[in-house]
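Protein chains: 2
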Amino acid sequence: MHEVFPGHVTSPAGFLAAGVHAGIKRSREDLAIIASDRQAAAAAVFTTNRVKAAPVLYTRRALRGNRLQAVVANSGNANACTGPTGYRDARTMAGDTARALGLKATRVAVASTGVIGVPLPMDQVRPGIAAAVHALSVEGGPGAARAIMTTDTFPKTLAARFSAHGTEYIVGGMAKGSGMIHPQMATTLGFITTDACLDGTDLAGCLRQAIDVSFNMITVDGDTSTNDMVLVMANGAAGGPRLLPGTPELEAFGQALEAVCTGLAKQVVMDGEGATKFMEVKVGGAASVKDARKAARAVAGSSLVKTAVFGADGNWGRILCALGYSGARFRPERVNLAICGLKVVSGGCPVNYSESHLKELLSSREILVSVHLGAGEAEAISWGCDLTYEYVRINGSYRS
Amino acid sequence: MHEVFPGHVTSPAGFLAAGVHAGIKRSREDLAIIASDRQAAAAAVFTTNRVKAAPVLYTRRALRGNRLQAVVANSGNANACTGPTGYRDARTMAGDTARALGLKATRVAVASTGVIGVPLPMDQVRPGIAAAVHALSVEGGPGAARAIMTTDTFPKTLAARFSAHGTEYIVGGMAKGSGMIHPQMATTLGFITTDACLDGTDLAGCLRQAIDVSFNMITVDGDTSTNDMVLVMANGAAGGPRLLPGTPELEAFGQALEAVCTGLAKQVVMDGEGATKFMEVKVGGAASVKDARKAARAVAGSSLVKTAVFGADGNWGRILCALGYSGARFRPERVNLAICGLKVVSGGCPVNYSESHLKELLSSREILVSVHLGAGEAEAISWGCDLTYEYVRINGSYRS
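Taken in sequence, the protein lines are chains B and W.
Mapped onto the numbering used here, the consecutive letters of the first sequence carry residue numbers 1 to 400.
Mapped onto the numbering used here, the consecutive letters of the second sequence carry residue numbers 1 to 400.
Please note that a few of the clues may not be correct.
Note that the list lumps identical chains together, so a pair holds whenever it fits in one copy or between two copies.
[Said to hold, decoys possible] Straight-line C-alpha distance at most 25 Å; calculated SDA-like pairs for lysine to any residue:
# : residue 1 : residue 2
1 : K25       : K359
2 : K104      : L361
3 : K290      : R50
4 : K290      : T48
5 : K359      : L57
FYI, nobody ran anything at the bench for these hints, they're computed from the structure.
Take the sequences, apply the hints, and build the full model.
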C-alpha cells in the first residue's frame with residue numbers, strides 16, 4: 001500500500017536539489033542538480049532513437065556500475081548532434097559537478113533537453129553548475145523541476161510513501177514534457193529518488209516494469225526524442241534493511257514507483273504542446289497485453305482522433321480506424337466502444353445514441369475512450385492529448 | 001519510354017466515365033462510374049487496416065476472377081462499420097450498375113469514401129447509379145475524378161502514353177486524397193485504366209511494383225484508412241498483342257503505370273489537408289531499400305518536421321531525430337543532410353551555413369530534403385506535406 005502526495009525529488013531522505021539560471025535560456029531556470037548525501041543504487045532507461053544525444057551516451061556508460069550520487073541536467077539545449085565536442089561537454093558537466101561535490105566523475109549522470117545541433121554554451125553552463133551545487137537544499141525540489149522545463153507550462157513533480165519493515169519510505173520524482181513524446185522506451189526526461197535500500201539490479205527491474213505502464217503508454221506527437229531518459233536513484237537513507245526480490249516489501253516499492261511514474265507521465269500528457277484536453281484510452285478484451293497496448297496507443301496517437309477530440313466531434317469511426325491499423329488482432333464485428341461512458345458502438349456497428357449528448361461529453365477537458373475488442377482478456381491504458389492550432393504554432397516557431 | 005500528359009481514365013480507348021450528383025453530399029458530384037466497352041483484366045491493392053469497409057470486402061471478392069468491366073464509386077460516405085447492411089448495400093451498388101450495363105454483378109468493383117459508421121442513403125445512391133450509367137461518355141473522366149473527392153481541393157488525374165509493337169497505348173488514372181493518408185499499402189482511392197492487353201497476374205505484378213514507389217511512399221497524417229484501394233483495368237482496346245512477362249513491352253507498360261501512380265500520389269500529397277507546402281524526402285546511402293524507405297517515410301511523416309516546414313524553421317535536428325527512430329540502420333556520425341540544396345549537416349554535425357538563407361529556402365512551396373546515411377547504396381523517395389492550422393481546423397470539424 002502506498003499513498004501519493006504532491007512531493008518532490010527531495011522528499012525522500014538524504015536528497016538535495018537546486019535549479020538555477022545558468023544563462024542557456026534567456027530568463028528562466030535552466031540547470032538542475034539532484035544530489036544524494038551518500039552513494040545510491042541507480043538504474044535508467046534510455047531513448048531507443050538511433051541518434052542519441054551526448055549526455056545519453058555519457059550517462060549510459062556512467063551507469064555501468066549501477067551506482068550514482070548526483071544528476072546534472074540542463075534545458076534549452078539538447079547537446080545532440082554535436083559530435084565529439086558534445087561528448088566532451090557532457091563529460092565536463094559531470095566532472096565539474098563531481099569535483100564541486102567531492103565525488104568521482106563516474107558517480108554523476110548528465111541529461112540535456114532543448115534544441116538539437118547547437119553546441120552547449122559551456123561558459124554559461126560551468127558557472128551554472130557551481131551556482132547550483134552551492135544552492136543545493138532540501139527545499140530545492142520544485143526549482144530543479146522548473147529548471148528542466150522546455151515548452152512545459154508547469155513543472156511536473158509527484159511523490160509516494162509506503163511502509164515496509166516498520167520503516168516509512170518515500171519515492172519522489174520530477175519530469176519534463178512536452179513535445180517529441182511518443183511511447184517507445186522512456187520518453188521525456190524523468191528523475192526519481194527514493195530513500196529505500198535496493199540492489200541496482202532489482203531497482204532496474206522495478207523501473208522497467210513501471211516505465212512499461214507509464215512513460216511508455218503516453219504520446220503527444222509520435223516523435224521519439226534523441227535525449228529521453230528516466231533515471232532512478234535509491235540511497236537507503238530511510239534506514240531499514242535492503243528490499244529483497246520476491247518479498248512484499250519490494251512489491252510495495254514497485255507499486256509506489258509505478259504510481260509516481262504513472263502520475264508524472266499523465267502530467268506530461270496533460271501539458272502536451274498546445275493540448276487543451278486529456279485523453280485516456282482503455283482497451284480491454286484484447287488477445288494479449290501486447291495487442292492491448294498497441295491498440296490503446298494507436299488510438300491515443302492518431303492525428304485524426306486527436307483533432308476530433310479537439311473539435312468535440314464524435315467521429316468514432318476514426319477510433320475504429322486506428323484500432324484497425326494498430327496491429328492488434330481482433331474481429332471488427334466484435335468491437336464495443338464507449339466515449340465518456342456513452343456506448344456508441346456495439347458489435348462493430350453504431351448503436352442509437354444522442355449526437356448532441358456525445359458532443360456535450362466531448363466538450364469536457366478529460367475524455368475517456370473505452371474499447372472492448374472481444375478477442376480475449378488482456379487490458380492496457382494509454383494517455384494522450386488533443387492536436388490543436390497551438391501545437392502547430394509552438395512547433396512552427398520553436399526556435400524563434 | 002513514355003510521355004506523361006494531363007489525361008483521364010477515359011484517355012485509353014474503350015473506357016467511358018461519368019460523375020453525377022446523387023445527393024449523398026449536399027451539392028457536389030458524389031457518384032462516379034468508369035466502364036469499359038469490353039471485359040478487362042483487373043488487379044487491385046487494398047488497405048491493410050483490419051477494419052475494412054464493406055466495398056473493400058466486396059471488391060476483393062469480385063476480383064478473384066481478375067476480370068472487371070466497371071467500377072462504381074461514391075464519396076460522402078465510406079460505408080465502413082456498417083455491418084451486414086453495409087455489405088448488402090455494396091452488393092446492391094454493384095448489382096444496379098451491372099444490370100444497367102448488361103453485365104454480371106461480379107464484373108463490377110465498388111468503392112466508397114467519406115464518413116465512417118453511417119449507412120449509405122440507398123434512396124439517393126440507386127437513382128444516382130442509373131443517372132451515372134446514362135451519362136457515361138468519353139468526356140466523363142474529369143467529372144468522375146471530381147465525384148470521388150472528399151476534402152480534396154482539386155481533382156487528381158493524370159495519363160501517360162507509350163508505344164510497343166508499333167501500337168500506342170495509354171494509361172489513365174484518377175485518385176482522391178486528402179486525409180487518412182499514410183503509406184501502408186495503397187493509401188487513398190485510385191482508379192487506373194489502360195487500353196493495353198495484359199494477363200491479370202502480370203497486371204497485378206506491375207501494380208504492386210508501381211504502388212511501392214508511389215502511393216506507399218506518401219504520408220499526410222499517419223492514419224491508414226478503412227477504405228483504401230487502388231484498382232487498375234486493362235481492356236486491350238488499343239489492339240496489339242498481349243504484353244508478355246520479361247519483355248521490354250511489359251517493362252514499358254510498368255514504367256508508364258508507375259509514372260501515373262507516382263504523379264497521382266504526389267497530387268494527393270500536394271492537396272494534403274491544410275497543406276501549404278510539398279516536401280520531397282530523398283534518402284540515399286542506405287544499407288537496404290527497406291531502410292531507405294523507412295528513413296524517408298519517417299522524416300516525411302514526423303509532426304515536428306512537418307510543423308517546422310510550415311513555419312520555415314530550419315530545425316534540422318528534428319530530421320536527424322526522425323531518421324534515428326525510423327528503424328533504418330546507420331551511424332549518426334556518417335549522416336549528411338541538405339535542405340533545398342543547402343548542406344546543413346556533414347558527418348552528423350552541423351556545418352557553417354547561413355540561417356537566414358536556410359529560412360529563405362524553407363519559405364518556398366516545394367521543400368527538398370536530401371539525406372545520405374553513409375551506410376550503403378540503397379535509395380528511396382517519400383513525399384509529404386506540412387502540418388498546419390488548417391489541418392487542425394478541417395479535422396476538428398469534419399462532420400460539422
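Report task. Go through the numbered hints given earlier and state which of them the structure violates, listing their numbers in rising order. Result -> Result: hints 2, 5 break, sorted rising.
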